[in-house]
Amino acid sequence: MGLRKGGSKKKGNCKRKANVWDDAELKTKRGVIPSENDAKRSKSSFKGSMMGQWKTRKNVERTKERKFFVSVEEKKRWQREQYEEMWEHTANAIYTKNEAVEAEIEAKEDKEEEEEDSESDLEDVLHGKKRNELFDEFVKTFKMEEGGKEEKEEEEEEREEEMLTEEQDAEKEERENDNQVAAMEKDDEEKMEEEQQDEEEQEDPYRRRYLLSSFSEQDAKKFTATMRKFTKVDIQTLEEKMYDVTYRKGVDEDIKGVAGVVTTPELAMKKKPYVRSRLMATWKRHGLDPETVFPKGSVERALWQQLSAYMDVFFAGQTFENTATLRRLSAMHVLNHVLKARDTVTRNNERIKKRDAEKADDEEEKEYRDQGFCRASVLVLLPLRSAAVAFVNQLLKLLPANVDTFHNKDRFFRDFGSAVAEKDMKDDNSTTDDGKKEWQRVFDEGNNDDCFQLGLSFSRKAVRFYSEYHHADVIIASPLGLRQQLGDEVAVLDDTESTVDVQLSSDFLSSIEVCLVDSASLMAMQNLDHLRTVLRATNVPPKEAPHADFARVREWNLTFLASFFRQTVVFAHNVEPLVHALVTKTCRNISGLVKYVRIYDMANGTASISQVVPHVKQLFQRVDLNTTDSCHLSATDEAELRFEYFKKHVFEPLLDQPRKHVVIVIPSYFDYVRVRNLFHEPLNQKLVTSVECCEYSPSRQVSRARTMFFHGQCHVLLYTERFHFYHQYQIRGIEQLIWYGVPMMHEFYPEMLNFVETSGHEPENFDQSAEKYSSIVLFTRVSSADLHFSLEGAEHRPILSIPHYDNSKNGKSKELPLFRANEDIRGRLTVKINSGRKLEHTGLKVELIGVLTVPMDRHAGYEFLHSVRELQSSGQIIQGEETFAFDFIQVDKIYESYYGHSVKLRYILRATLSRGHYASNLIHEQELGVQHVTLPPPVDKSIQMEVGIEDCLHLEFEYGKSNYHLEDVVIGKIVFLVVRIKIKHMELGILRRESVGSGTQRHCESDTITKFEIMDGAPVKHESVPVRLYLAPYALTPTYHNVQNRFSVKYFLNLVLVDEGDRRYFKQQEITLWRKTFG
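Going letter by letter, the sequence shown gives residues 937 to 2015 in the working numbering.
Bear in mind the hints are in silico, worked out from the structure with no lab data behind them.
It cannot be assumed that every hint is accurate.
[Claimed, not checked] Here are the simulated DMTMM-like pairs of lysine to aspartate or glutamate, each with C-alpha atoms no more than 20 Å apart in a straight line:
| id | residue 1 | residue 2 |
| --- | --- | --- |
| 1 | 1185 | 1818 |
| 2 | 1781 | 1799 |
| 3 | 1372 | 1257 |
[Unchecked claim] Quick list of the computed label-pair ranges, beta carbon to beta carbon:
| id | residue 1 | residue 2 | range |
| --- | --- | --- | --- |
| 4 | 1594 | 1978 | 55 to 63 Å |
| 5 | 1574 | 1377 | 51 to 59 Å |
| 6 | 1830 | 1588 | 46 to 54 Å |
| 7 | 1536 | 1165 | 16 to 24 Å |
| 8 | 1662 | 1543 | 31 to 39 Å |
| 9 | 1395 | 1495 | 24 to 32 Å |
| 10 | 1395 | 1287 | 17 to 25 Å |
| 11 | 1291 | 1817 | 51 to 59 Å |
| 12 | 1826 | 1588 | 27 to 35 Å |
Glycine included, each C-beta is placed from N, C-alpha and C at the ideal position.
Let the sequences and hints guide you as you build the complete structure.
In structure tokens, the structure reads:
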């Protein structure tokens, strides 16, 4: 066997060495004459090995062909055809050796070589001649050799290997294309599933409320202006009749942007709450499903339905026993809300990425507005660290099964206390807990620190403790801790009634969607001001939001209306007046507010007064409120009236007849300071001695005070309610209890009365015991009915703003509805009887009164107008809420309203509900503003005067007219005729002068409305200074001439010249003002 071309290996080797070059000289075999073309090969045509050339050519062809295929279907079809053709070619090369097949293969290869030659024409031209490829010579050599069977077999094996390699590459590309098509089909399926899921979630309250709703500023103003009151709700499915359920209506149904969002408690009970599937699966696995745990008709089931409907809830029935259940309900709602929010954001992030990758337009831009200014959406306010541990434990129990990573969890339990240790402590003291009081059991739960804050963030499989607020989903804090975090900037909220124009530097509370207040009664004992500040700071617009993606921020967040979409849930032990007022003022949810109040009954022993054991005489004294509108007293007015009543009816009799073993219980620390200072006055201390126990008293002082009081070494013990809340001491030696106000915690009333020790020296009968042991409670009258005026056309009626209504420098302005002088007054009076009672009265009437009031006058005022409309006669009974229409037609209002420093001219609508001789009348007043539009005076002469000082100063001033309307312009000039004084500057001002009284009792008071400088520097002789003064920017009124012979109001133009010695020369000229337009 002869040597093979390209090497000396035997037939068994399939691979050829890559050492044969294009310019290699072929060995001539015996009997073969070498051709001339072989001898003329150029040495510069190096192209690599034969296999490398073939692979390069194939890669070039494959690259060109791929550029033509764009569609996946065409590429798959082309690959299928290529695969079939290649498979047939390979089969022919292996199993078929006839000349026809070989000729076909050679023809195809020749065609490919011609294409390759056409591509390399440029190179051949540069070399000056056209050459044949070595591969062509290789094939021709083997064709001409008749006896080269071994080389032919080797060539077939190599071709077979090359085709198999190409087949594998084709199969790999086909698999990649199939995977790409499968991925596209999977994306389409996921998109269809998401669309189907979106359709299923259309009924989800979260989606309807936070993704599909719209709310404008006009809607917010209309909603705020509407008077909303609590109405009794009868929930048929609620079996337990332990609570009185009332509902304050939300936004009206005619607002299209929130259609389907607002629901009533009755409808909420019929709807099934939407819970995330992975959450529900975990709850069912652990037996925590609300529908299974809480039976139908229970209060817990009703609360769960209303929480899921995003309604505000005020539950005033919290106890130590049901606190764990309430926290579980709130934790379920919080976790469900957070997961919905995170899933929505994550899903929209993926959609945005796909949209950016495909460079497609966003067709659902509103769907992607799913965020606020900050990530934190849930705020949980808790009083103690032990309560925070209990709430977090509830959250951890409710997490989905795939959440198995917890960051900083050990640190949390180190800082807040271990739940295991608390459980062990409960087990050890289980036998002694029965005798403890409710608040003692609360404080025994664990860490009682009331200053803390914590951020929790949730991801798909992890929970991170101590997250920064900008990256947290839930903020858990105490009111004190959050108040310290907010800083002194929020102090401005205490001075403003509305937070519309207020902005804060902190933005982590600006996007709160769910606010949970747990144990609000305990917070009231700590410091309710901190809770009030935090709630008022929630959803206040931030000055800047560095972490916000404004393309994703909701529209009602951008218009600062997030407070209308915030759900507030408050759990309290009782209906404390301060907590109730805070809830009703800060809750502005468009879905309304549901209130649960526990029903107390003497029969079943739930009333506090029925739990008093000793025979003690109990007196309740009402503090008289001598005011015309006692229904709307401010807290300051009530505190003043209460202190004056205590000083007159309690303290002064105690000075006259000092008595020992008297305890005065004071709810508020501020009232305690006033009473303590009253007892510590030098003259009072000589007659009555006192000791104090307050929340800031050291232990040594408390022990000394208790000892002195028990042994009778002092007369009075001043005892604060907060001190009793924290320490729960048993005070011995009490004979008389005086309550400065009704206790905030109703449990304290029987506790303190049960301290009265009557067992040691029990009198023979109750009358003798009542003389020695007694309890007096001071309380203010709570109106049994509310009166409210609704004037016709109030929404479109202009408003008269009265600055400094109370005549103080920093006084608040008051807005009054404005009427014309000849306009009829129509409206409706609404009478609502509280607590669902009936009220029998002796008459209901409405009066229109015009009155002049002078602060210096001891008389109440002078009435110049009095018109009465009787709405209901005596003997009628009003139940629930009733509305009465009234009108005052052709009532002449002869004067315009005026509010000055020395006198006020007012028009008042007064409603009076008479209740007979044994009860005071209910009075409600509404002030009205009246304006007179008059014609200009018939005579209007110009003002020309010459004034001066002899031989020193002589000037002449001229004004165009003497009568001006309130929006007019004063135009004139001042001419200096003689100037021998060095004048520094000249001023022009408007002066208002009020004159009250007549004769020797006449009193005048002047007030400068405005002044400005019209000249600076010394004038020269015959110099003219122009004057132009606009009256519209100033709060002016028409001129009043001797109204009812009691007061007058005049206006003057006041010209003042000041020389270099600061001497002032002035001249006043009276002008008459009149009203040209209304409003």
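Do the Cβ positions of residue 1536 and residue 1165 conform to the proposed distance bound of 16 to 24 Å? holds, 23 Å
Go ahead and decide if the range 51 to 59 Å is satisfied by the Cβ distance of residue 1574 to residue 1377. violated, 34 Å
If I claimed the Cβ atoms of residue 1395 and residue 1495 lie 24 to 32 Å apart, would that claim hold in this structure? Holds, at about 31 Å.
Are residue 1594 and residue 1978 spaced within 55 to 63 Å by their CB atoms? holds, 59 Å
Kindly confirm whether 51 to 59 Å is satisfied by the beta carbon distance between residue 1291 and residue 1817. holds, 54 Å
For the range 31 to 39 Å, tell me whether the beta carbons of residue 1662 and residue 1543 fit it or not. violated, 26 Å
Check the hint pairing residue 1781 with residue 1799 against an upper bound of 20 Å on the C-alpha distance. Cα-Cα ~18 Å, so holds.
Range agreement (Cβ of residue 1287 with Cβ of residue 1395, hint 17 to 25 Å): Roughly 19 Å apart at Cβ, these two residues keep to the hinted range, so it holds.
Is 27 to 35 Å respected by the C-beta to C-beta distance linking residue 1826 and residue 1588? For residue 1588 against residue 1826, whose Cβ atoms are near 54 Å apart, the range 27 to 35 Å is violated.
Proposed proximity, residue 1257 with residue 1372 (alpha carbon, max 20 Å): holds, 13 Å
For the pair supplied as a hint, residue 1185 and residue 1818, confirm whether the alpha-carbon distance does not exceed 20 Å. The hint holds at about 18 Å.
Given the hint of 46 to 54 Å, is the C-beta distance from residue 1830 to residue 1588 inside that range or not? holds, 49 Å
This entry does not satisfy hints 5, 8, 12, going by the numbered hints stated previously.
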